[in-house]
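S.K.: Going by our numbering, the sequence shown opens with residue 13, and the numbers climb by one from there.
One should not assume that every hint holds.
Stated by the list, open to error - In silico DMTMM-like links for lysine to aspartate or glutamate, alpha-carbon gap of 25 Å or less:
| # | residue 1 | residue 2 |
| --- | --- | --- |
| 1 | K128 | E110 |
| 2 | K128 | E116 |
| 3 | K128 | D166 |
| 4 | K128 | D176 |
| 5 | K128 | D163 |
| 6 | K128 | D81 |
| 7 | K128 | E170 |
| 8 | K128 | D65 |
Because the hints were derived from the structure by calculation, they are not lab data.
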Amino acid sequence: MTRQTDRCPLIRRSLIVSLLALAAVVVADTGPARAGCSDPGRPGVNWVGCFFDGRPMQGMSLTGGRLRDASFTRADVTGTDFSGADLRGAKFVSGKAEEAIFAEADLQSADFTRSKAARADFTGADLRRARFYRADLRGADFTGANLTGADLYDADLEGAVWVDGTTRCAEGSVGQCR
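With these hints in hand, go ahead and build the complete structure from the sequences.
M.R.: Structure follows, in structure tokens:
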């Protein structure tokens, strides 16, 4: 009987060490860091997965920023410079992005549903599988952009410069450049 009672402290000690190790792993693995979400907007900012829904963010410089899966739903990013930023999966739903600069940005699977992005600069942007359902894209520049699989259903493209850099979409161009 002394052998079993000698094992109990050893088993308890092993269990405690295992639980402490598990707790350390859980604390260390909290997913994407959110501390950067309160950082001020600046070039190269890391706002991966952050929410800026409904905020005024006009005229900021977020060039080269890491903004993957960030949400700007109903936000006003008018005139903001997102050049070269990683915006894969970002959401600009029902927001204002008029005259915003998305040149050379990675906007794969970004969502601009019902957004107002008139005169926005999408030159050289990767817009594969991006969604522009009912978006206002009048006068936007898509020169050199990759629109493979993009959803332009009911998007207003009047006056937009198309991917070839020379075609200007005619009046009444809705859903496709004419």
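S.K.: So, for every hint listed, does it hold in this structure?
M.R.: Against the structure, the hints come out as follows:
Simply put, K128 and E110 have alpha-carbon atoms about 6 Å apart, close enough for the 25 Å limit, and the pair holds. For the hint linking K128 to E116, the alpha-carbon distance of about 20 Å falls within 25 Å, and the restraint holds. Distance restraint check for K128 and D166: the Cα-Cα separation of roughly 13 Å lies within the 25 Å cut-off, and the hinted pair is therefore satisfied. Distance hint between K128 and D176 is fulfilled; the C-alpha atoms sit about 23 Å from each other, no more than 25 Å.
About 16 Å separates the Cα atoms of K128 and D163, which keeps this hinted pair within 25 Å; it holds. Distance check on the hinted pair: K128 and D81 sit about 20 Å apart at the alpha-carbon level, within 25 Å; holds. The straight-line distance between the Cα atoms of K128 and E170 is roughly 13 Å, inside the 25 Å bound, and the hint therefore holds. For the suggested pair K128 and D65, the alpha carbons sit about 15 Å apart, so the restraint of at most 25 Å is met.
Consistency with the previously given hints is maintained throughout, with no hint failing.
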